[in-house]
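**Student:** Turn these sequences into a full structure, and let the hints guide you.
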Amino acid sequence: MNIVKQGRRIGLLMATALGIFASAAGWAAAQTGGTLVVARPADIFTFDPYNTQDDRSIFTELTIYDRLVKLTADGKSVEPELATAWKVSPDGLTADFTLREGVKFWDGSPMTAEDVVFSLTRAIDQTGSWGFLFSPVKSVTAVDAKTVRLTMSEPFAPLLPALSTFAASIYSKANFEKQGTAAGEKPMGSGAFMLESWNKGQEVVLTKNPNYWQQGKPSLDKVIFRVVGDDNARMLQLASGDVQIATDVPPNLVDQATGSGAQIATVPGSAVGFVTMNEKIKPFDEAAVRCAMAHALDRESIAKTVYFGKATPAKSILPSSTFFYDGNADPIGYDLAKAKELLAKSSVPTGFTFTATVPTGDSTRLSVAQIWAASLAQIGITMNLEQVEATTAQEMYNTEKFTMRMSGWTNDTPDPDELMGVALDYQPQNGLHSSYRNDEARKLVLAGRGQLDPAERQKTYTELQRIASRDCPFIYTVEEDRIFAVAPSVKGFAPNSQGKYSFEDVSMQP
Amino acid sequence: MIRYIAGRFLQVVPVLFGVSIVVFLLVRLIPGDPSVAVLGSRATPELVARVRDQLGLDLPLWQQYLNYLSHALRGDFGISFFYQANVWDVTIVRLPITLALMAMTVLISVIIAVPFAFISAVRRGQLPDHAVRIAFTIALGMPVFWSGIMLAYLLGVKWRLLPIAGPGHGGVDTLVHLLLPSLTIAIAIAPIVVRTLRSSLIEVLGSDFVTTGRAMGLKPRFLTLNYVLRNSLRPVVTVISINFGYLIGGTVIAEQIFSLAGVGSLLIGSIGTRDYAVIQLATLIFALLVVLVNLAADVIYMVLDPRMALAR
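Protein chains in written order, with this note's numbering: chain A, 1 to 510; chain B, 1001 to 1312.
In short, the hints are calculated from the structure, not lab data. Watch out, some of these pointers could steer you wrong.
If the Cβ cut is set under 10 Å, some of the chain A residues that face chain B in the computed set are [said to hold, decoys possible]: (1) A39; (2) T46; (3) G128; (4) A182; (5) N199; (6) G201; (7) E203; (8) R226; (9) V243; (10) T258; (11) S260; (12) I264; (13) A390; (14) N398.
Note that the Cβ used here is the ideal one computed from N, Cα and C, for glycine as well.
**Tutor:** Laid out in C-alpha cells, this is it:
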C-alpha cells in the first residue's frame, strides 16, 4: 500500500514537472511560430493586381506584396512602407519617392527602382481595370537607383492613398517576365509571407518570408487561406479548432461564434449599403420621389434587426472611414411625414407600384428590402421584390435593364475620389448606371481631384455629400461592418478598412 | 455477355453527345456571361468586349459549339476563364475525392439500410417496422445542407468524434475525413434503399423456395444470407443506380459544407462565375458516371441473378 502511495506521489511529481515544462514550452511558442488557418467563402482568382477583380484576391495581394506607402493604423493617413520618404513638386505635377534600402524579394534578390517602375507602369495602364485609380499619372520613371518619379498631367490629391491600394503592389520584374502567362499564379513579392502552394478551390498556403525587411517579423510560420463556402460550416470549423479565423461572418451568426468562445473583430465604416435607382424609368427621374423613398427607410431598425447591431445607420454615400467623410452634410433620416410631403410634390402624389431586384442568396439585403417595402406601403408606394440569380442581376445592372438595385460599396482606397468619381461624375459609368446627370457635381468631382489643400478639399466633398443627400441618386442604407470571428489564441489581428489583414503583426498562443 | 456490355458502351456515345449539346446551350441561355461574372460592376464596354473576344463568345452559337466539339474530340476541353488554366487539369485533380465520396456514400447507405430493412421485413406490421419506417421517412425529409450542418455540429464540434474540414492527408486519414460527408448523403439515400429492400425482402420471404428451404430444415442464418438477401438485392442495385443523379446532387452540397475540393463544388462555383468550359466538362463527367453506374448495375444483376445472363 505504501508502495502504491509512493508511486502515486512520483506520478504526481512527474505530472507537475511535465506541466511546468509544457507551459514553459507553450510560453516560448507564443512568441513565434504556428500555423494560422483562415476560412474564407471563396477562392482567389489571381495574384496579379492588374487582372484582379474580386475581394479575396485583393485581400490576398495586400498580404503577399508591399507597396510604397501604407495606411496608418487609424486609417486616417498614409505612412512609409517600401518608400521611406517622398516629395511632391510645388506645382503638384511630379512626385519623387525614395526607396527603402535592403528590401529583398522572397528569393533574396534585391528590390530595385526598376521593379517599382515596372509594377507601377502596369498599375497606371488606363486599359486595365484599375487604371482609373491613377488616371492623371502619366509615367513612372527611375531617377536613380533609389528614387522613382511619378509624373502627372495635373495635380492629383488622391495619389498617396491610391498608392496604398493593392493595385499599386510592387513585385519582381524579373520573376514576372520569367513566368510569362503564369505570372498570376507564381508571384514574387517582398511581403512577410510568400506563396508556398495554391491548390485551386481548396487552399492558398503562405509561408514565412526569411528575407522580410522588417526585423523580427513575422511571428507566424504559416498562413493558410482555406475555402469554406458554407457560412455555418465556417463557424463550425472555427468552433472545432480546424480554423483560427473565419471571415465574412453573417451578422446573424455572430452570437453563435461568441457562444463557442470566439472573439469578434470588426472593421466598421468600410462599406456602405445603398440602393441605385434607374432614372430612365419613371418616376425615378424625379428627385422628390427618390428622396421621399429615402426618407421612408428606417435605418435604425434595419441596423438593429437585420444586422443585429453590427451596422450603423448611414449618413452619407461615403463609408465613414473615407477621408473627408462628413456625417453632418444634411444626412437623410427616417421621417414618414417628410416622405409624404415630398411625394405630394411629385407627379405621383398618391404613390405607385414597381418591382425591385434582389440577388438570390443575399438574405441580408432581402430583409432590408422587406422592411423598406413595409414603410413604403405607408406612403402609398408598392415595392414588389423579385429575386434574381446574382450574375444575372449583375448583367441587368451593367446593361441598365434594372429598375432598382440593392448593393453596397467598399472602398479600395480611403480617398473619396474613387466613389465620387464613378457615382457623381456621370462620365465614366453613367453615375453607377443610375443615369443621374449633374454638371455641378461633376465639376466638383474634378475640382476635388486636383485640390492639394486638405481644407479646400474638405469643402468640396462636404458639398458633394450634401448634393447626394439633396438629389438622392443613391439611397444609402446602413454602414455594414466587415465581421471576422477569431479564436482566442490569435493575438494582434487588426484588419484595416482596405481589407489588409496585416498578418506580419499577428501571433498565436498554443 | 461481353457483346452485350460492348453494345451498352457504344450507347454511351450518343448520350454524351446529347448531354454536351444540352449543357452547351443551357449555360449560354443563363443571362450574364463570364465577362459580367468576372468584371462585376467594373465592366466597361471595352473590357467586356475584350473578354468576350478572348473567349470566342462573339461567334454564332453553332460555330461556338462546333469549335468546342472539334477541340473536345481531340481531348482539348478548353481553358477555364477563372483559373486561367486547362479545364482538364482543373477538373481531373478534383475527381478522386468526389469518387471516393460517392463510393463511401453507397457503402454506408447499404450498411445502414440492410439491417433496418431486415428488421422491418421480418417484423412486418409490428412496432419495430413502424419505428423504422417513420425514422427513415423523417431522414428522407431532411435536406442535405441541414443534416450536414447538424452532423458536423454534433459529431465534429460537440463530441469531437470526427473531423469536419478538408480531405485529410491521404490514406486512412482521408477515409476518416470522408466519414461525415458520406454519412450526410447516406442519410438521404438510405431511406430509399430501406424502402426498396424491405418490400423486396417481404416478397422473397414469402416465396416458395424460402418455404421449401425452411421445410428442409436449413439453418435460418444460412437461409437468410444465401437465399433471401441475395435474391432481394437486385432491386437495391436498381434503386441505387437510378438515384445516382440524386447522389451526385448530394455530393455537391456535402463538398461545400465539408470543404472538399471535388468536382461538385467546382461545378457549383463555376455556374456562379459562368465558367462555361468547366461547367461543360464537369457535367460531362457526371453524365459519364451516371451512364457507367447504370451499366455496372446491369452487370451486377447478372452476378446476383444468373437467370438474367441466361435470358440474354
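**Student:** Taking the earlier hints as the rules, which of them does this structure contradict?
**Tutor:** 10 and 12
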